[in-house]
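Asks: Chains D and U, in that order, are what the protein sequence lines are.
Anchor point for the first sequence: position 116 equals 116 in this note's numbering, and the numbering is continuous, going up by one each time.
Anchor point for the second sequence: position 83 equals 1083 in this note's numbering, and the numbering is continuous, going up by one each time.
Note that these hints are calculated values from the structure, not bench results.
It should be emphasised that the depicted structure is a prediction, and the values quoted were computed from it without experimental measurement.
Wrong hints could be hidden among the right ones.
Pairs of lysine-lysine, DSSO-like flavour, derived with a Cα cap of 27 angstroms [as the list claims (entries may be wrong)]:
no., chain 1, residue 1, chain 2, residue 2
1, D, Lys28, U, Lys1078
2, U, Lys1138, D, Lys32
3, D, Lys32, U, Lys1044
4, D, Lys51, U, Lys1078
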Amino acid sequence: MVKRRHLGLSIVSTFLVFLCACQATVPKDVLKLPPQSLEVRQRETRIFETKDEKKLLSAGAALLQDLGYQLDESEVSLGVIVASRDRDVKSAGEIIGSVIIAALFGVYTPVSRNQKVLASFVTRPLDEKRIAVRVTFQHMVWDTSNKLIKNEIIDDPKIYQEFFEKLSKAVFLEAHGL
Amino acid sequence: MDYKVTAMNRNYTHILFSLFLSFLLLGCATPQKNILETNESQLKLRSIQSRVFDINDKNRLLRTIIATMQDLGFVIDKADETLGSVSGTKRSGYTLRMTVSVRPKGDKQMVVRSNAQYNLITVEDPEIYQEFFSALSKALFLDAQHIE
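Just chain D, with the same shape it has in the complex:
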């Protein structure tokens, strides 16, 4: 009986080692177009009826600055602006929760501390009269033990909607969907 249990344990641990080894390799689909790519493109893109690409780019840079972003990179000839923003995201609720858990169970649970949001703002002329603007936001969140707990694209459509509303107000142009 005991021997059999040992056998089971060793099989399970072998599998675990195999699993760990698998995780270290690169997943095959990291550069594959995801099925939802069209939907994501629609969420992140608006079309403006103008041929003034520089006007859109400078309005985009000014808007990002208004929203508290620092401009990191820009290449006007390719229609690219890169910006980022660091924030303290400690929330009172989360801290109180952590303190209660620590008091009840004697276990320290780290809470979210820092957030970095990255944004790329890209313009692309579609023809003589229309320019597409695509903006993408990603965020990273670290907890109080300095561990990266979130590392992903921001997919809330409201954020993109609001951004484009502000942009179209700034350039006095209507933003059209794809």
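Starting from the known structure of chain D, arrange chain U on it as the hints suggest.
Replies: Here is chain U on its own, set in the frame of chain D:
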């Protein structure tokens, strides 16, 4: 007693001398060899990471690369038209960094080279790069040709 000590000393001298020699040899051999070394696997990786396109419009090619990377979920980190390079990062639990560069090949073609890093691992899988080039070739309406 005295004899034993000298024998041991002699032994140590031998070992020390051979260690010293081997260090000298090591010092001579490795660093210079690595500087300009091109081995077969590096050439193979270059061909996995490169494709030729029938296009000579650098600006259009770079803009299409940027749009393709955005379709794949990247945020663009840097772009430089003069250098002909675009870098971006995809974050989806993991961190995938990729740099794509373009250079002219003759008057009518351009070579696109991309290299990706998944967390701390260099991506060497031909199928993964193939996915990128087929997405780019669809966006350009052009075929991606392997480099000779």
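Asks: For each hint, tell me whether it holds in the structure or not.
Replies: Results of checking the hints against the structure:
1. About 25 angstroms separates the Cα atoms of Lys28/D and Lys1078/U, which keeps this hinted pair within 27 angstroms; it holds.
2. With a C-alpha separation of about 13 angstroms, the suggested pair Lys1138/U and Lys32/D falls inside the 27 angstroms cut-off, and the hint holds.
3. For the suggested pair Lys32/D and Lys1044/U, the alpha carbons sit about 22 angstroms apart, so the restraint of at most 27 angstroms is met.
4. At most 27 angstroms may separate the alpha-carbon atoms for a hinted pair to count; Lys51/D and Lys1078/U meet this at roughly 24 angstroms.
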